[in-house]
Amino acid sequence: MKTGWQRGLIELRQSFTNGPELFSHFLWPVLMLAALFFLRHRDFGSTGFLLGALALPGILGMNAAMGMVSMSQQLTADREDGTLLRAKAVPNGMVSYLIGKVVSVAGGLLVDLAILLIPGLLLVDGLALGSAHWFTLVWVLVLGLVATLPIGAVLGSVFTTARSQGLIQLPMLALIAVSGIFYPITALPGWLEGIGQLTPVYWMGLGMRSALLPGEAVVVEVGQSWRHLETAAVLGLWAVAGLLLAPVVLRRMARRESGSKVAERRERALRRVA
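Letter 96 of the sequence shown, counting from 1, is numbered 96 in UniProt numbering, and no numbers are missing.
Since the hints were made in silico from the structure, they are not lab data.
Note that CB positions come from ideal geometry on N, CA and C, so glycine has one too.
A couple of the hints might just be wrong.
Unchecked claim - With a Cα cut of at most 25 Å, we get these calculated SDA-like pairs of lysine to any residue:
no.	residue 1	residue 2
1	88	159
2	88	99
3	2	159
4	2	127
5	2	93
6	88	77
7	2	19
8	2	48
9	88	244
10	2	128
11	88	70
12	88	198
13	88	237
14	2	95
15	88	251
16	88	103
17	2	136
18	88	187
19	2	123
20	2	115
What the hints assert, rightly or not - Computed Cβ-Cβ distance ranges for the label pairs, DEER-style:
no.	residue 1	residue 2	range
21	13	230	20 to 30 Å
22	139	118	29 to 39 Å
23	90	177	23 to 33 Å
24	215	83	24 to 34 Å
25	20	229	20 to 30 Å
26	90	18	30 to 40 Å
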């Protein structure tokens, strides 16, 4: 446990001293802030609520949910370059590796969210910032990360090369499109509304909106309710499923790893570069 925690903190610190990774930490929040700038004075239909205020919490939820993509990409890269194989060779190495990866990915996400949230609070009007709202923001964020990061670990065990990670992007964009991130899900057709509510992304967005929007904004949500119990239940089910499935899948993947497979993947990568 301690070794995994230390490993995660080292990886997190390295991500903020590496130029390309540091750029990626700021790129997406800056793009989202630019979108919020153009939405900040636009109304959502005839409700009287500003679209920017409705979008900011959803974007925060989306960014947190995207941690599963980051987790998947990092696991696949570590599998390809032999890092995972080396972790396997150390006593309790897989446990320490996973703890470290969760710490580094979650830590990076929290920093990214702060980069987006702090300027966003100054940019967007119509938000509620009482103490109860901050408590809701924290528990939704923590439970959401527990629900999504194990999914990323499972996806990372499925894809064998970093290049194959591109296959995740299109489904993820489709998932975001039907999850009511940039607008309340009630604006979608009924059948898409049902699909969106099966995803953890929707519930993270809803939880973030309940934390940052005034109470009267609930009229644009399904059933005109923030559905906190349902949010906790759905995210909890995703968390339990992921935490049960991820260790099984990762152990199975680790058993199949060998030095010859790592060398073979490295040789294929070198041939592509050549």
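Checked hints:
no. : hint                  : result
1   : 88 - 159              : holds, 18 Å
2   : 88 - 99               : holds, 14 Å
3   : 2 - 159               : violated, 29 Å
4   : 2 - 127               : violated, 39 Å
5   : 2 - 93                : holds, 12 Å
6   : 88 - 77               : holds, 15 Å
7   : 2 - 19                : violated, 28 Å
8   : 2 - 48                : violated, 51 Å
9   : 88 - 244              : holds, 20 Å
10  : 2 - 128               : violated, 38 Å
11  : 88 - 70               : holds, 21 Å
12  : 88 - 198              : violated, 35 Å
13  : 88 - 237              : violated, 29 Å
14  : 2 - 95                : holds, 11 Å
15  : 88 - 251              : holds, 9 Å
16  : 88 - 103              : holds, 19 Å
17  : 2 - 136               : violated, 29 Å
18  : 88 - 187              : violated, 48 Å
19  : 2 - 123               : violated, 40 Å
20  : 2 - 115               : violated, 28 Å
21  : 13 - 230: 20 to 30 Å  : violated, 38 Å
22  : 139 - 118: 29 to 39 Å : violated, 20 Å
23  : 90 - 177: 23 to 33 Å  : violated, 42 Å
24  : 215 - 83: 24 to 34 Å  : violated, 48 Å
25  : 20 - 229: 20 to 30 Å  : violated, 42 Å
26  : 90 - 18: 30 to 40 Å   : violated, 24 Å
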